[in-house]
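Engineer: Each chain, written out:
There are 4 protein chains.
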Amino acid sequence: MTGSSTPTRKRSVAVLGATGAVGQAFVRLLANHPWFELAEVAASERSAGRPYAEAARWLGTEPMPARVAKMIVKPVDPAAVQSELVFSALDSSVAGEAEGAFARAGRFVLSNAKNYRMEPDVPLVIAEVNPDHLALLDAQRECRGWGGGIVTNGNCSTIVAVSALAPLHTRFGIRQVFVATMQAVSGAGYPGVPSLDILGNVIPYIKEEEEKVETETLKMLGRVANGAVQSAPIAISAHTNRVPVEHGHTVCLSIGFQDRVKPEQAIAALREWRGAEEARGLPTAPERPLLVAEEPDRPQPRRDVGAGRGMSVVVGRVRGDPLFDVKLVAMGDNIIRGAAGASVLNAELLVRVGRLPAR
Amino acid sequence: MTGSSTPTRKRSVAVLGATGAVGQAFVRLLANHPWFELAEVAASERSAGRPYAEAARWLGTEPMPARVAKMIVKPVDPAAVQSELVFSALDSSVAGEAEGAFARAGRFVLSNAKNYRMEPDVPLVIAEVNPDHLALLDAQRECRGWGGGIVTNGNCSTIVAVSALAPLHTRFGIRQVFVATMQAVSGAGYPGVPSLDILGNVIPYIKEEEEKVETETLKMLGRVANGAVQSAPIAISAHTNRVPVEHGHTVCLSIGFQDRVKPEQAIAALREWRGAEEARGLPTAPERPLLVAEEPDRPQPRRDVGAGRGMSVVVGRVRGDPLFDVKLVAMGDNIIRGAAGASVLNAELLVRVGRLPAR
Amino acid sequence: MTGSSTPTRKRSVAVLGATGAVGQAFVRLLANHPWFELAEVAASERSAGRPYAEAARWLGTEPMPARVAKMIVKPVDPAAVQSELVFSALDSSVAGEAEGAFARAGRFVLSNAKNYRMEPDVPLVIAEVNPDHLALLDAQRECRGWGGGIVTNGNCSTIVAVSALAPLHTRFGIRQVFVATMQAVSGAGYPGVPSLDILGNVIPYIKEEEEKVETETLKMLGRVANGAVQSAPIAISAHTNRVPVEHGHTVCLSIGFQDRVKPEQAIAALREWRGAEEARGLPTAPERPLLVAEEPDRPQPRRDVGAGRGMSVVVGRVRGDPLFDVKLVAMGDNIIRGAAGASVLNAELLVRVGRLPAR
Amino acid sequence: MTGSSTPTRKRSVAVLGATGAVGQAFVRLLANHPWFELAEVAASERSAGRPYAEAARWLGTEPMPARVAKMIVKPVDPAAVQSELVFSALDSSVAGEAEGAFARAGRFVLSNAKNYRMEPDVPLVIAEVNPDHLALLDAQRECRGWGGGIVTNGNCSTIVAVSALAPLHTRFGIRQVFVATMQAVSGAGYPGVPSLDILGNVIPYIKEEEEKVETETLKMLGRVANGAVQSAPIAISAHTNRVPVEHGHTVCLSIGFQDRVKPEQAIAALREWRGAEEARGLPTAPERPLLVAEEPDRPQPRRDVGAGRGMSVVVGRVRGDPLFDVKLVAMGDNIIRGAAGASVLNAELLVRVGRLPAR
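Sequence order for the protein chains is A, B, C and D.
Residue 294 in the numbering used here sits at position 283 of the first sequence, and the numbers go up by one each step.
Residue 164 in the numbering used here sits at position 153 of the second sequence, and the numbers go up by one each step.
Residue 126 in the numbering used here sits at position 115 of the third sequence, and the numbers go up by one each step.
Residue 68 in the numbering used here sits at position 57 of the fourth sequence, and the numbers go up by one each step.
What the hints contain is simulated information worked out from the structure, not anything from laboratory work.
Just to be clear, a hint being listed does not mean it is correct.
The list treats identical chains as one, so a pair stands whether inside a single copy or across any two.
[Stated by the list, open to error] List of simulated lysine to aspartate or glutamate pairs, DMTMM-like, C-alpha gap at most 25 Å:
| hint | residue 1 | residue 2 |
| --- | --- | --- |
| 1 | Lys125 | Glu95 |
| 2 | Lys218 | Glu51 |
| 3 | Lys125 | Asp149 |
| 4 | Lys21 | Glu48 |
| 5 | Lys85 | Glu257 |
| 6 | Lys273 | Glu222 |
| 7 | Lys21 | Glu289 |
| 8 | Lys273 | Asp102 |
| 9 | Lys218 | Asp332 |
| 10 | Lys85 | Asp308 |
| 11 | Lys81 | Glu56 |
| 12 | Lys125 | Glu275 |
| 13 | Lys273 | Glu289 |
| 14 | Lys21 | Glu275 |
| 15 | Lys218 | Glu65 |
| 16 | Lys81 | Glu288 |
| 17 | Lys218 | Glu275 |
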């Protein structure tokens with residue numbers, strides 16, 4: 012957190028997949044960013060060449076930033092996009108190839124897509140939880156010969172779960188976790204979930220989501236050693252569900268530790284947690300990455316999703332568990348903390364720890 | 012299932028708490044019942060003395076049965092209510108005293124309230140699962156000196172969970188269960204959950220609900236021996252949530268068995284299950300108490316709640332579990348299978364097994 | 012209603028656009044139809060050649076009819092589809108050409124699409140309201156030289172409005188109407204309205220919908236003279252809105268008559284109305300095409316949409332209007348009465364009045 | 012707008028009915044008000060004597076202001092409440108008596124209740140629309156001999172409608188108006204509308220609401236002459252509906268003018284409007300009391316309710332009307348602009364125009 016790492020001139024950045032739900036969140040977060048200047052927006056062929064205001068069906072409750080509205084959408088191609096720092100909200104069907112092409116072309120890609128997350132040489136990072144995983148970038152460069160690099164953040168529900176698990180794992184060592192999610196429709200993007208499928212309904216299935224929660228969690232809570240991540244030795248079972256909520260994923264967790272842990276101990280650990288030193292004070296970092304609600308019926312997505320401007324995960328109902336040790340509920344903004352905000356925070360972390368080329 | 016137990020003349024029955032959401036379901040189910048004649052409706056002082064049509068804010072999509080609409084609501088008092096067979100949808104704040112008074116006065120009470128469920132001498136019954144628990148009625152009579160008796164059915168989410176667990180427990184022996192529910196608002200009665208609390212929201216807390224799931228399940232899956240129920244030796248952890256769904260509780264289950272069980276074995280056991288012999292063919296019994304959905308994203312409350320006219324529980328997504336053996340999702344109508352229908356079916360069972368006085 | 016027009020052997024029928032929301036409603040309505048045998052399903056190239064069970068994402072709460080599930084979807088082409096009687100749920104982007112091709116090939120098309128509705132020689136019919144408009148088929152045949160013909164039904168919200176207006180217009184003569192609709196999402200088909208757009212929201216705009224209400228109403232309430240429809244001399248202003256309701260369009264109407272009409276007179280006219288003689292007793296005709304609710308807060312889509320198995324429009328709140336004469340609310344099932352059911356009823360009408368070739 | 016009227020020291024204020032939905036909005040708006048110091052909260056007997064944090068089920072998405080949380084709720088009695096300026100969110104069942112008692116005791120009451128709105132000597136004010144109606148306070152004092160006074164604001168849906176109508180009436184003279192509302196559940200307070208009544212539903216009835224819209228509008232758009240309001244000579248017909256939206260009332264309007272007015276003229280008038288001089292720059296006044304949306308499908312409650320921090324009404328879809336002259340849609344926050352914010356703005360207006368005693 013030395014002054015030397017604080018940027019003095021804004022870096023130009025681009026957003027890939029800028030017209031979708033997460034892409035728009037990037038635009039909102041970057042419109043007035045103190046370190047980054049949103050210079051380019053790129054999207055699929057259907058959108059490329061049109062002004063952003065026309066290409067994007069704006070979902071925000073605040074008006075589209077005027078400066079961005081006028082930008083002409085570029086194609087998703089490193090030949091067309093100049094910025095060194097690139098935020099990707101690309102769909103996984105195209106992210107694999109496109110993000111690789113950008114990294115090969117010397118760009119740093121902050122990715123929300125699943126494609127590279129579980130690659131052994133690609134960091135899967137929550138800035139407050141495992142900033143040390145950025146060390147994988149060295150292996151990545153060596154391995155792949157890329158001039159740039161790719162840093163990923165987790166799946167939106169995984170990020171909410173891991174934000175609550177990290178302080179407990181750090182302190183007590185987790186052995187097993189049962190997860191049941193109730194996920195907002197915005198997690199499926201736009202147009203995403205048809206209203207006929209979800210009005211007054213629950214869909215107890217989200218494609219590949221349970222696998223993501225069960226694997227990404229282990230990598231994020233794992234340790235870096237010899238340029239690789241050693242997965243955390245935790246057994247996880249996940250049930251993932253879609254519910255008629257607009258924003259905010261709610262996650263029920265039952266947690267078993269290596270040794271007995273009482274609810275009060277868990278509460279204390281959660282309350283004390285401030286996240287990794289490296290992430291504190293970054294522009295997008297919330298004052299508290301984790302808040303502990305006192306009310307018996309919180310967190311609730313409708314009421315708590317805005318905590319820390321969408322960057323704080325709220326936990327509550329920390330109590331004993333008849334099977335494991337502790338039960339609790341965690342809730343976080345799937346679009347901000349669970350996607351775009353997580354990437355922006357990771358980019359800020361890259362800047363601070365000096366992993367981006369000087370300018 | 013001998014013909015001799017099939018009633019030849021309809022028995023008069025009463026509904027206590029007839030104006031609420033579950034009370035109305037009783038009225039619907041009993042309006043054209045082949046064995047029972049709905050002769051009396053009773054409710055709190057506020058309603059007593061008024062025609063049912065006025066006292067009840069009718070929630071059904073079909074019109075209120077005309078014959079019942081004209082009935083004058085009676086007070087909840089065995090002196091005012093004549094019927095021998097009484098269905099109770101009373102709130103737990105009054106059910107304890109009132110149901111006891113009716114049983115003492117020689118009536119048979121089919122109760123939805125929590126008050127007597129866990130009493131050692133009171134049967135807690137799902138007709139297809141543990142009809143043998145009716146044997147507790149002998150102990151009850153002896154113990155309490157009641158001329159009548161009380162038979163309870165479980166909490167609505169517990170009934171859904173147990174309907175899915177019973178065939179598996181019978182066949183393989185369950186050791187541990189994780190439960191996470193997503194419960195419909197009708198489970199909270201009427202007016203129940205304020206719309207301001209639940210529109211686009213999840214409330215991860217339902218008062219005392221987790222305790223009910225964790226205890227009632229063990230009793231229902233337990234064995235009767237020497238006039239008492241020996242609880243099933245299962246460890247259960249429950250998370251209960253309210254979601255913006257009108258009808259139908261969805262329950263995620265992770266199940267661990269005494270010995271390894273594969274998903275295919277579980278599926279086969281679920282498919283084969285027809286429930287206890289004693290319950291088959293009863294007027295309110297569905298053709299299949301349990302249906303196994305094939306689609307990857309079912310059951311869903313909006314689409315499956317009407318299965319078996321609300322009396323079939325639908326399970327789906329039976330798959331392996333990284334922590335225990337098997338994961339699955341169960342969904343059932345909380346008002347029919349989970350409350351009023353369960354009571355009516357229990358009453359039919361009482362008739363068939365000859366536990367009601369002859370007329 | 013002579014016995015001679017009642018079919019003795021079922022006619023084979025086809026559904027075009029069978030995989031969409033309205034197409035599926037046709038499948039449900041025709042699966043056990045007493046006069047028609049659903050013999051063929053056709054849909055776009057994406058679906059053609061696949062079994063219906065695979066091609067259609069089934070939206071119904073009851074299982075897909077087993078016989079239809081196995082049918083191979085045909086292309087929308089009169090060369091591939093044999094049936095003489097064809098129900099069309101095609102999108103307007105393709106309906107113009109396709110429906111014309113079927114009519115040219117000698118088939119009778121019952122269409123839900125907007126394309127031909129306002130053509131002077133095409134009947135736009137609600138069976139109970141203007142069955143005499145079928146006379147346009149003679150002009151149509153003459154004009155276009157088609158061996159077959161096209162009969163259309165109105166836009167879903169227009170049908171609900173006209174069902175309530177018809178008895179009043181017939182009796183008193185309407186001069187002006189103010190309409191404000193609150194329309195269900197199923198009216199936009201599937202996938203249709205994205206959940207992110209409508210959860211907890213109102214969209215005060217439905218493309219071209221206000222124009223449809225303002226023009227189709229005049230044609231349907233018009234008179235046939237000399238082989239053409241003379242539009243009803245009514246001035247209409249429509250506001251159309253989308254609301255987070257699954258099924259059932261609610262329509263607020265303020266109605267001005269040629270001479271003063273009191274609410275009680277309007278209520279009497281609405282209560283008496285049984286619809287045109289020709290439509291009575293047809294298989295899909297409800298006992299009452301119009302029901303008048305007594306409760307002060309009805310009709311409501313959630314509670315009344317199933318009236319007459321989706322074929323009855325329910326009106327309520329008939330009261331005085333400070334500007335015109337009478338205000339009221341009408342509600343009907345947009346998928347059944349407002350689309351597929353209306354077409355099936357029109358086909359039954361064609362059979363009864365002898366407008367289809369004998370077989 | 013002279014500097015002399017800007018307060019130099021904060022005035023102590025109280026909120027009556029502080030625990031309900033509107034009461035809580037007062038607490039939020041007054042927690043950091045530049046001119047007013049929230050010194051007292053009062054509520055019904057059930058709440059009086061308890062800390063506000065306990066008595067109120069907090070509905071806000073931001074935490075309850077800590078200072079208020081600790082306040083002990085006072086009874087609604089001028090003997091117990093000291094403040095000279097009193098905001099009332101009392102239910103109409105008690106507001107009549109209570110507000111009168113406060114005014115008699117020399118207090119100035121800013122009321123949301125319907126009780127005094129239509130009294131000839133009580134101002135019914137939207138600060139930007141009819142600040143001159145405050146002149147009625149002189150008649151009120153004379154008439155009733157009160158040391159204080161009562162100023163009311165309109166019903167929530169009326170305020171939204173009038174905010175859109177005022178600029179048009181001022182400029183062109185309105186003759187007739189059709190109104191159809193789609194109102195949020197928060198307009199019914201808390202607990203208010205049961206979720207079982209409104210999930211996926213429309214209720215086409217709100218008790219006494221249509222009458223309020225039809226009468227209050229005329230008073231607000233009327234002129235003060237000789238100490239009385241002469242109602243505007245406008246004929247209004249209102250349809251009011253409840254929809255499953257949390258916050259934000261949407262209002263469809265068809266407007267007929269004294270002389271022909273084209274949509275472009277109406278748009279120009281709406282765009283130009285800044286509201287009455289007296290209200291501009293007041294702390295709670297938005298920069299623009301009226302915003303004109305350009306998108307074809309706006310305003311929408313979910314997306315536009317926060318405009319001007321809930322104090323701007325957004326209009327859109329201004330277009331020609333086949334019956335009258337112009338159709339449009341207006342939407343506003345029913346809790347802020349439609350209730351608490353309107354009262355606070357009225358209080359600021361009272362201060363500015365010198366209608367409160369100096370301190």
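Engineer: So, for every hint listed, does it hold in this structure?
Structural biologist: A quick look at each hint next to the structure:
1. In this assembly of identical chains, Lys125 and Glu95 lie within 25 Å of each other by CA distance solely inside one copy; the values are 22 Å within and 51 Å between copies.
2. Taking CA atoms no more than 25 Å apart as the test, Lys218 paired with Glu51 passes in neither setting, with 32 Å inside one copy and 33 Å between copies.
3. Taking CA atoms no more than 25 Å apart as the test, Lys125 paired with Asp149 passes inside one copy only; the shortest distance there is 21 Å, against 61 Å between copies.
4. For the homomeric pair Lys21 and Glu48, the shortest alpha-carbon distance inside one copy (6 Å) is at most 25 Å, but the shortest distance between copies (42 Å) is not.
5. In this homomeric assembly, Lys85 and Glu257 never come within 25 Å of each other (Cα to Cα): the closest approach is 29 Å inside a single copy and 38 Å across copies.
6. Taking the closest pair of Cα atoms, Lys273 and Glu222 come within 25 Å of each other only across two copies (19 Å); inside a single copy the shortest separation is 29 Å, beyond that limit.
7. Taking the shortest alpha-carbon separations for Lys21 and Glu289, only the intra-copy value of 20 Å comes in at or below 25 Å, while the best inter-copy value is 44 Å.
8. Taking the shortest Cα distances, Lys273 and Asp102 never come within 25 Å of each other, neither inside one copy (42 Å) nor across copies (35 Å).
9. Taking the closest pair of Cα atoms, Lys218 and Asp332 come within 25 Å of each other only across two copies (16 Å); inside a single copy the shortest separation is 29 Å, beyond that limit.
10. In this homomeric assembly, Lys85 and Asp308 never come within 25 Å of each other (Cα to Cα): the closest approach is 46 Å inside a single copy and 27 Å across copies.
11. Taking the shortest alpha-carbon separations for Lys81 and Glu56, only the intra-copy value of 18 Å comes in at or below 25 Å, while the best inter-copy value is 38 Å.
12. With identical chains, the CA atoms of Lys125 and Glu275 are never at most 25 Å apart, being 36 Å at best within one copy and 30 Å at best between copies.
13. Taking identical chains as interchangeable, the C-alpha atoms of Lys273 and Glu289 are never at most 25 Å apart, the minima being 30 Å within one chain and 46 Å between chains.
14. Neither within a single protomer nor between protomers do Lys21 and Glu275 lie at most 25 Å apart by alpha-carbon distance, with minima of 45 Å and 44 Å respectively.
15. In this assembly of identical chains, the alpha carbons of Lys218 and Glu65 lie at most 25 Å apart only when taken from different copies (18 Å versus 31 Å within one copy).
16. In the homo-oligomer, the alpha carbons of Lys81 and Glu288 never lie at most 25 Å apart, since the shortest distance is 39 Å inside one protomer and 35 Å across protomers.
17. Taking the closest pair of Cα atoms, Lys218 and Glu275 come within 25 Å of each other only across two copies (21 Å); inside a single copy the shortest separation is 36 Å, beyond that limit.
Checked against the numbered hints above, the structure violates hints 2, 5, 8, 10, 12, 13, 14, 16; every other hint is satisfied.
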